[in-house]
Amino acid sequence: MRFVDEFRDADQARALAAKIAALCEPGRQYKLMEVCGGHTHTIYKHGLEDYLPESITLVHGPGCPVCVIPMGRVDDAMHLSAGPDVIMTSFGDMMRVPGSNGSFFDAKAAGTDIRMVYSPLDSLKIARQNPDKQVVFMAIGFETTAPSTAMTMLRASAEGLSNFSVFCNHVTIVPAIKAILDSPDLRLDGFIGPGHVSTVIGCRPYEFIARDYGKPVVVAGFEPLDILQSIYMLMLQLASGRSEVENQYSRVVPWNGNTVALKAIGETMELRPYFEWRGLGFISHSALRVREKYAAMDAERLFSVPGVRVADPKACQCGEVLKGVLKPWECKVFGTACTPETPIGTCMVSPEGACAAYYNFGRVERHRVPEAVPASAGGS
Amino acid sequence: MTTGDTRQGGGGWIEEALREHEHEHEAAQTPSPAEPGGRPVLPVADRERQVLERIDRARRRRPRVREERVTMSHGAGGKATRTLVEAIFLDAFRNPQLEPLEDAAALTLSGVRTALTTDSYVVSPLFFPGGNIGDLAVNGTVNDLSVAGATPLYLSAGFILEEGFPVADLVRVTSSMREAAAAAGVQIVTGDTKVVQRGKADGCYINTAGVGLLLPDVSLGVALAQPGDAIIVSGPIGDHGITIMLARGELDIEADVVSDTAPLNGLTACLLDAVPETRAMRDATRGGVATILNEIAAGADVGVLVREDDIPVRDEVRGACELLGIDPMYVACEGRMVVVVPGDSTDRALTALRGHPLGEDAAVIGHVTDGQPGIVQLKTAFGGTRIVDLLVGDPLPRIC
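If you read the protein sequences in the order shown, they are chains U and L.
Going by my numbering, the letters in the first sequence line up with residues 1115 to 1494, in that order.
Going by my numbering, the letters in the second sequence line up with residues 149 to 548, in that order.
A portion of the hints provided could be inaccurate.
Claimed, not checked - Straight-line Cα separation of at most 20 Å, PhoX-like style, residue types lysine-lysine; simulated pairs: (1) LYS1446/U <-> LYS1428/U; (2) LYS1145/U <-> LYS1292/U; (3) LYS1247/U <-> LYS1222/U; (4) LYS1222/U <-> LYS348/L; (5) LYS527/L <-> LYS1159/U.
These aren't lab readings, by the way, just hints derived from the structure by calculation.
My request is simple: use the sequences and hints to build the entire structure.
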C-alpha cells in the first residue's frame, strides 16, 4: 500500500541497522529517549529493537497524553460527569484510566452518561443535539491535540452554543523534557523528538536542549523507518561530537511550526502557573487552561471541581517509568497486579503507554538481526 | 486546584490486586535486583526473563471478574469476555461438554455423535453492505457447527423485537434468513418471539441455536495443535468488522468493502474430506484472527509464530485500519476460518480450500512452534518480532 509500505521496508531497515551498528564506539553505552508515546507504540508494534545493537537502549519518555494525567484529575472528571444533566465526552484512550473509584467505563456501566468521541467536534455535535444538557469535553493531550480543542471552542463561540464546555487538561511538552534533563536520575545521550507535537510548535523550542544541555535532538516521524533513521542521525551527531536539532520528519514538520494552530491555542488558552503531572509532580508553566474571555466554556469555572490531589497507589511506579528511570518490566507490579485489563497505573492503559506497549507487544525474547551486531562484537 | 489536601489513591480492588500480587511474589521467591547487599544482582536479560516467567504464572491464575458491573468490554470477545465466561458461566454450569469451550458442544445422543451450538446477534446497523442481521444469524450458527466438524441440519430462531420495529424490515430480515438457510442446506424448525417496549431494545435481536451430526473419525480441537503444524486462514481477514464500522457512518470514511458473511459448511466439508487429520478449525468472529491464534497457543500450550506479510488483508481494509489505528488481526470476520493441519498435510489442505469459492485466497500464515508456550509471536512486515496478545477493551461494540 502506498505511503505505508515504503516506510516499513525490511531491506532498508537492515541497511540502516548496519550503519547504526558501525557508529557504535566499542564499550560505550547509548541511551536515547523517544519523548513521544506514539514512537514507543511504533517501536514495539513493529519490533524495531531487533534492529538495534545491544549497546543502544531506547528510553521511553513522558509524551503519552493519558499517562501524565494524575489520578486527582480523573476524580475531578468523574465528579463533573456525575453532575445533573451532564454528558461527559472523552477520547477512547481516557475511558479505562482508573480514578480512585473506577474508570469512565465503570461509571458508564453504572449509568453515568459518558460518551466516547473521535474528535472534540463530535462533542459539539452532541451539544447541538442535546440543548437541555451540559456537554463537557475532557480535553487531554499535548500541543498535538490542543489546536483541535481550540478550534472547537472558537466554533462553539461563533455558533453561540451555551451548553458546551471544556475540562482542559492540555499539557506542553518542553517543560516536561526540561524536568527530565534536570533530573539527577537519568543520563541520556540524545532525544528522538516528538513528531506530532512538532507539526504545531516546530523545531525551535528544542534548541535549548542542544545548546544548553549539549544533547542532540532529531524530530522523527511515526513509521518504523522514520525512527530507525532518526536513531542513525542521532548516532551520527554523537559520533562527530555534535549536538544540534535536526528534522527527520520534514515531510510534515515545518521548522517554525503551524502559526494558525498556535494562534488558535493562544486565543483560547493560556499557561497555568503550575500543573501536576503523574509521576513527575508539579511542573510550572507546563499546562494550559481556558482563558478568561472563554470562561463560559471552562468546565472548571462553570462547575465545582474538587481539585483534590490524589497520590498514586503506593506500589505504582508510573512516575519512574514516565521519566525513563525504570523500564516497564522493572516496576514491581508490572504484568501481575497491573495488566492492560486491570491497570493500576496510566502507563498500562493507553496504547501509547510504555507499559502497555511492552506488555502487549514486547514480552518476547529479542532476536537481533545480524546487521545489528557490531563487527567488533565478533557476532557473539 | 488545591495542593495542600492529598489523599492516597488506590482503594478497593487495587489493594486486593496488590495483596494477591504480594502473595504470588513471595511464593515465587524472586530475588529483587534492587536489594542492597545479600543476593547478587542479576544481569538484565535474566531479570527480564524472570519477570516474563512471573507474568506467565499470573496469566495462568484462575480468572476473576473484578468489576462490579458488566461493561462493554465483557462483550468484546477479548480478555474480559474470556474472564466473564470462565469465572461466571463455566463456574456455574461446569460439565465435561462445556469445559472445552469450543464453538459447539459435542454430545452423544442414543449413540449418535451430535453437535449443539447457540449464538445471539445484536449487530448495529441491522442492514449493512453484504448482508443483514438475518443472514448473519443463520451463517454464524452454521459456521459454529461446521468448524466443530459437524454437518449442520436444523436451526432455531428466537426474536426479541422492539415496539415500533417496521414489519417491512422484519420481512427483509426473515427472507434473508430463508435464503441463507437454503444456501447452507439447513432448515429453521422452531422459534420464539418476544416484544419489548420502545427503548428497551434496539430494533431487533436474534438468537439462533443449531444442531448437526458430527462427522465420524474426525477429532478436532485447538488443544490438539502440535509444534510443526501449519496455520492457515481461508481468505482475506477483517472485511466484516470494517464494513460494520463504516456502515455506522460515524467516521466519514468511505471504502469499497462488503461483509464476508457466508456459510462455511461447504468449505469445512471439502477440507475434512481431503485432510481428515485436520487438528482444529475456528471461525474468526469477534476478536478476529488474533484471538483464535491465542486460543491455539493457550489451548495446546504451544508457541505460535505468524508472519505479517503472509496474512491476507484487502487493501481497503488495511487502509481503513491504518487510518483508525486498529490492527486487522483483531477485526471480526463472518465467513473466514483459521485451520490447523499437520505440517506435511499443508499442501493438500491448501489445494482443498482453494478449490472452494470461499477458500480461493486461503494462505498459510504461520506455524505452531515449541517456542514460548501460550505466546503468539508475529514477525512484522518491517522485520521485527512482537507479541500478538488477546484484545483488551472494546474498539467496536455490537459487531455481530
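Determine which of the earlier numbered hints do not hold for this structure and return their numbers in increasing order. Result: no hint breaks.
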